[in-house]
Structures are given as structure tokens and as C-alpha cells.
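Following the hints, position chain U against chain W.
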Amino acid sequence: MATSMTRTFGALRNVTYSSLKNAEFPRDVRHPGPLFLPVRTKKRYFIPPAVGLKGKKEENPEIKGRAAGIVFRQQYLERPINIACSAGVFDPYIPPEGDARVSALSKEGLKQRTEQIRQSAASQLAIRKIKEHDSQFSTKTFAEQAQEIFIEAHNALIHFNRERLHSLVTERCYPEMTRGNRYKTIRWKFMESLEAPRVVHARCPDMVTKGNLYGQVTVRMHSKQTLAIYDRFGRLMLGSEEQPKDVLEYLVIERHLINPYSRWRLHGKIVPSWAPPKDPVIMTVAIPGPELKPWEEFDALNYEVPKPAAVQWNK
Amino acid sequence: MAAAAMTGRGVALIRNIAGSLHSRLQILGGASQQLSCLHTSVSLDSKHWEKSNRKVYPPQLPEEPRRPAEVYHSRRQIKYSKDKMWYLAKMIRGMSIDEAIAQLEFNDKKGAKIMKEVLLEAQEMAVKNHNVEYKSNLYVAESFSGKGKYLKRIRYHGRGMFGIMDRVYCHYFVKLVEGVPPKPEQSTSFDQAKEYVQGLRNRTIIHSL
Numbered sequence: 001m002a003t004s005m006t007r008t009f010g011a012l013r014n015v016t017y018s019s020l021k022n023a024e025f026p027r028d029v030r031h032p033g034p035l036f037l038p039v040r041t042k043k044r045y046f047i048p049p050a051v052g053l054k055g056k057k058e059e060n061p062e063i064k065g066r067a068a069g070i071v072f073r074q075q076y077l078e079r080p081i082n083i084a085c086s087a088g089v090f091d092p093y094i095p096p097e098g099d100a101r102v103s104a105l106s107k108e109g110l111k112q113r114t115e116q117i118r119q120s121a122a123s124q125l126a127i128r129k130i131k132e133h134d135s136q137f138s139t140k141t142f143a144e145q146a147q148e149i150f151i152e153a154h155n156a157l158i159h160f161n162r163e164r165l166h167s168l169v170t171e172r173c174y175p176e177m178t179r180g181n182r183y184k185t186i187r188w189k190f191m192e193s194l195e196a197p198r199v200v201h202a203r204c205p206d207m208v209t210k211g212n213l214y215g216q217v218t219v220r221m222h223s224k225q226t227l228a229i230y231d232r233f234g235r236l237m238l239g240s241e242e243q244p245k246d247v248l249e250y251l252v253i254e255r256h257l258i259n260p261y262s263r264w265r266l267h268g269k270i271v272p273s274w275a276p277p278k279d280p281v282i283m284t285v286a287i288p289g290p291e292l293k294p295w296e297e298f299d300a301l302n303y304e305v306p307k308p309a310a311v312q313w314n315k
Numbered sequence: 316m317a318a319a320a321m322t323g324r325g326v327a328l329i330r331n332i333a334g335s336l337h338s339r340l341q342i343l344g345g346a347s348q349q350l351s352c353l354h355t356s357v358s359l360d361s362k363h364w365e366k367s368n369r370k371v372y373p374p375q376l377p378e379e380p381r382r383p384a385e386v387y388h389s390r391r392q393i394k395y396s397k398d399k400m401w402y403l404a405k406m407i408r409g410m411s412i413d414e415a416i417a418q419l420e421f422n423d424k425k426g427a428k429i430m431k432e433v434l435l436e437a438q439e440m441a442v443k444n445h446n447v448e449y450k451s452n453l454y455v456a457e458s459f460s461g462k463g464k465y466l467k468r469i470r471y472h473g474r475g476m477f478g479i480m481d482r483v484y485c486h487y488f489v490k491l492v493e494g495v496p497p498k499p500e501q502s503t504s505f506d507q508a509k510e511y512v513q514g515l516r517n518r519t520i521i522h523s524l
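Line order of the protein sequences matches chains W and U.
Position 248, counted from 1, in the first sequence is what the working numbering calls 248; the numbers after and before it change by one each time, with no gaps.
Position 94, counted from 1, in the second sequence is what the working numbering calls 409; the numbers after and before it change by one each time, with no gaps.
So here's chain W without its partners, still in its complex pose:
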């Protein structure tokens, strides 16, 4: 507003002088300066035109162009993206509590053992769908196949054979398996299988478009394994090479059913909420303390380290 006022003053000044110019003027008379001399009259700011139009959202210029009669060229997909695996585990299997903790000869153990996959209808439907696309699929032989895939994938991980690992493990599982392992040495051995592997769950989700089927089968495995991880300098970080451990795992194996050249590959693992905590790393780690305000003090005696919530998650 101030600028507009100065502008008017300027305009007035111009008008008065121009009106007087026509009359004859003695040159030696000096007129007094104007009372309100504006300091700045030049416009020194710049407001971009888009600032005032914030509320207006322009219509799609594409529609306007088409309406006007401009013909757009066809968009070519020069590099089509091929998704060979799904993003996660759909409808994950919830393993019953106390699995492999109860002796097989007791009543509950027998119940668990005789619990067959036939009980869940959704799994049966999924298996039927899988058999449509893959005629050689059968739950009895598949479990053994799954275990072999698992063993071969881990052997490829030890020797870090990238091509072999990609053919045995899906793209979603690959970074989870190999993250942080590049400069480490892993020694893993599969001792023996304590129980025969079993298919416990199956699902057939379709991604993006209808009919784009991926088959996900969960296999339960109880086995003895040894694992030792050494860091960059050859020092033991985790586990031990001599001491074997009993491991109960739920593997998710996936295949892109529509693609006739696809293979069954390891997609992930399901970690149940009642799983026992893992062995600690052979290192002292600092646990971050509580967030304190400037006037608070840290009470070391009464402070309890917060434990993570017992939730089932997919590895």
C-alpha cells in the first residue's frame, strides 16, 4: 500500500510540472522542494505470478490438449519390469504354541502330529490351484524338495555364488539373506533332520492383475545345524562351529505359477511369537538409555531394559 501512495505522489508531481511547463518560466526562480518527498519510488520487489493463484488447481493439461485436437504419440514400454516374486508372505501361517516342545508320545504330542493339512480349507483350495498349473506337485514329495532347496541355498550363501543363489532364492529373500555378509565369513553345516519335513500351509495370492498367481507353501522343518559367523578380521562374531543346535523353522517357498519356466524358491521364514531368544553376539553392545528431560537424572538401579514385544514376524 505504501508503494501505491508513493506512486500517486509521483504521478501528481508529474502532472503539476507538465501543466506548468507550457507557461513561460523564468529560469533563475527556484521552487521549494515538495513537502512529502518519497524515498523509494522504484519497484524493487518481485512477486512471481504463481503465488496468488495457490487455491486454483489447474485441470489436467493433457485433457485440454486432447480436447484442443493435439494427438499424443503412443508411449512405448522400452524396458518392461518383470516381477518374478511377491512382496511378502500373504496370510502367514501361525504356528501353534508348544510346537516341537511337547514329547511326541504324550496326548498333546499325538494331537499335534496327527494334525493334518486337510483341516484348513483355504490351504486345500490353494493346493488344488497349484496342481492346476503344476501337475507334478504333491505335498508328500514337496517337503523333501523344500529341504533340499534350503540346504543348497545356504551352501551357495557360504561360498557366495550369486547366480546359484538367485536361482534358489527369491528377489525378496536375497537381500535379507545377504545384507551385511559381504565382508564376513560364514560357516554353516546341516547335520541332520530330526523330524521329517511337513507341508503345513499353502496360499495362492494373485498380485496386481487377476490371474497373476504366485503359489506360497509353508514347510515345517526340525533339524540340527551349526552356524559360525566370522567378521572381516577372522574373529568369531556369532555361534560356534562344534556346538550343533536344534532348529525348528517354518520356510515359505514360492513360485510364480503362470510362468512355465519358474522354479520353487525360498521366499522367507516365519518366526513365531513364542520362539526362544537367539544367542547373543560375542560383543559388548551399548543399549540406548531412556530419553531424559534436562532436569531429570538417570536412575541406574530402578531402570529396566525394555524387552521387545513377542510378535510373530516374517524373516
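Hints are computed from structural coordinates only; laboratory data are not their basis.
All of these numbers come straight from a predicted model, not from anything done at the bench.
Among the hints, a few may not be true.
Stated by the list, open to error - Estimated spans, in silico, between C-beta atoms of each pair:
{"no.": "1", "chain 1": "W", "residue 1": "Glu97", "chain 2": "U", "residue 2": "Glu448", "range": "34 to 40 angstroms"}
{"no.": "2", "chain 1": "U", "residue 1": "Lys394", "chain 2": "W", "residue 2": "Asn212", "range": "52 to 58 angstroms"}
{"no.": "3", "chain 1": "W", "residue 1": "Asp299", "chain 2": "U", "residue 2": "Leu359", "range": "56 to 62 angstroms"}
{"no.": "4", "chain 1": "W", "residue 1": "Trp188", "chain 2": "U", "residue 2": "Lys394", "range": "45 to 51 angstroms"}
{"no.": "5", "chain 1": "W", "residue 1": "Trp188", "chain 2": "U", "residue 2": "Lys366", "range": "27 to 33 angstroms"}
{"no.": "6", "chain 1": "U", "residue 1": "Lys394", "chain 2": "W", "residue 2": "Lys315", "range": "43 to 49 angstroms"}
{"no.": "7", "chain 1": "U", "residue 1": "Leu359", "chain 2": "W", "residue 2": "Arg182", "range": "26 to 32 angstroms"}
{"no.": "8", "chain 1": "U", "residue 1": "Glu510", "chain 2": "W", "residue 2": "Asn155", "range": "56 to 62 angstroms"}
{"no.": "9", "chain 1": "W", "residue 1": "Ala84", "chain 2": "U", "residue 2": "Lys394", "range": "45 to 51 angstroms"}
{"no.": "10", "chain 1": "W", "residue 1": "Lys224", "chain 2": "U", "residue 2": "Pro383", "range": "30 to 36 angstroms"}
{"no.": "11", "chain 1": "U", "residue 1": "Leu359", "chain 2": "W", "residue 2": "Val71", "range": "48 to 54 angstroms"}
{"no.": "12", "chain 1": "U", "residue 1": "Met476", "chain 2": "W", "residue 2": "Arg182", "range": "55 to 61 angstroms"}
Cβ atoms here follow ideal geometry from the backbone N, Cα and C, with glycine treated the same way.
Coordinates of chain U only, in the frame set by chain W:
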């Protein structure tokens, strides 16, 4: 070092210098071709120091002594002189990392602030990526500065003379090793005298009767 003042007479001198350099390079190139065909020297763009972090050692046996962790870190093209940086690098050689950071924090030089950042980065890298247990259990094993790529500018002198001014840049390299810093051996004056006398006694006269 900062202003390599080569007073010369314009274009003619540049041509002479270029010619002499060219001939020198040709001679060198010819000589090296005769000696060896492999690249045995370091080129301008090589980053060997950072690649040392990728070396993986085989797993140690349980009876071997624990190998100390080594972390290599560097910063390239720091706007500072390599000679001025050398004084700071020499100062922190052999210090433990806490001591080094403390000394650099209260040093008034410009390079001290940059070196402190580099040391802190290296410490964090060591703990996160290289399995170092205690962040204070590190010491500075190697620390030195190197010449970076200089920018050349013209420095105007009187009478139409000019000099080529270098805008200096430097690299700074540091290697942190896990463990207690090694104590430098301190020998007393008596020991030094004994060694001197022993050296004199070890002299033999060859080709004598």
C-alpha cells in the same frame, strides 16, 4: 608452495616449458616401456586407501591371538595446504583416538576441525561396520597428508609479468587400529652410549694381514 611464482615473458616461455616437459615425459615413457609393461605406480584417480577396507582375512583358529581390527579412512580435496596439514597429522600419530580428538578440538588451525570430523567418522564406521567393540579402544596407527589436485590461476605482477598461482588442495589419510597405543621405546643416555661403543667395537678392518 602456494604461489609458484615463475616470472616469465608470456607465451614464449610457456611454449619452452611445455616443450621441455613433453620431451622429458617422452624419455620417461620410453624408459618405462623398456623396463616393464605393467602399471606398477599409482595413477591420479586411484583410491587405494578406501579399498583397503575391503580386505577379508580368513577365520582365525581358537588358539591364535585375536587379530586387532584396522579401519582405513580418508578425506579428499580438502581446501588446505598439505604442508600445513602435515604438522597436525604428525602431532596425532600414535595417540589414542580420544586424546587425538581432544587435542584437535582445541587446536586453532583450520585443518584441525576437518581432521576431527574425519576421526569421528572413522570411529563411527569402525563400530558400525567393522565389528569394533569399544569405540575408545582405538589408536591412530598411521596419519599423513597428501597433495590433492590443484587449480591453477594467474597471479598478476607488475610490468606485464605474471605467475601461475596454485589453489592448493590436500588429502588426509588415517588408519585406526584397535587396542592400546604402543609405547615408543625410550632408551636412557647410558644405553645409547653403550650402543655407540658397541658399534665402534664391531668395526672390522678388511683386506688386512
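For each hint, the structure was consulted:
Between W:Glu97 and U:Glu448 the CB atoms are about 37 angstroms apart, so this pair conforms to the stated range of 34 to 40 angstroms. Distance hint check for U:Lys394 and W:Asn212: the Cβ-Cβ separation is about 56 angstroms, which falls inside the suggested range of 52 to 58 angstroms. Taking the beta carbon of each, W:Asp299 and U:Leu359 are about 58 angstroms apart, inside 56 to 62 angstroms as hinted. For W:Trp188 paired with U:Lys394, a C-beta distance near 49 angstroms keeps the hint of 45 to 51 angstroms intact.
Checked against the given bound of 27 to 33 angstroms, the beta carbons of W:Trp188 and U:Lys366, roughly 28 angstroms apart, stay inside it. Under the hint 43 to 49 angstroms, the C-beta atoms of U:Lys394 and W:Lys315, about 47 angstroms apart, fit the expected range. Range check, U:Leu359 to W:Arg182: Cβ separation about 28 angstroms, and the 26 to 32 angstroms hint holds. Between U:Glu510 and W:Asn155 the CB atoms are about 59 angstroms apart, so this pair conforms to the stated range of 56 to 62 angstroms.
Evaluation of the 45 to 51 angstroms hint for W:Ala84 and U:Lys394 yields a pass: the beta carbon distance comes to about 49 angstroms. The hint said 30 to 36 angstroms for the Cβ distance between W:Lys224 and U:Pro383, and at roughly 35 angstroms that hint holds. Between U:Leu359 and W:Val71 the Cβ separation comes to about 53 angstroms, which falls inside the hinted range of 48 to 54 angstroms. As the Cβ distance of U:Met476 to W:Arg182 is approximately 57 angstroms, the hint placing it in 55 to 61 angstroms holds.
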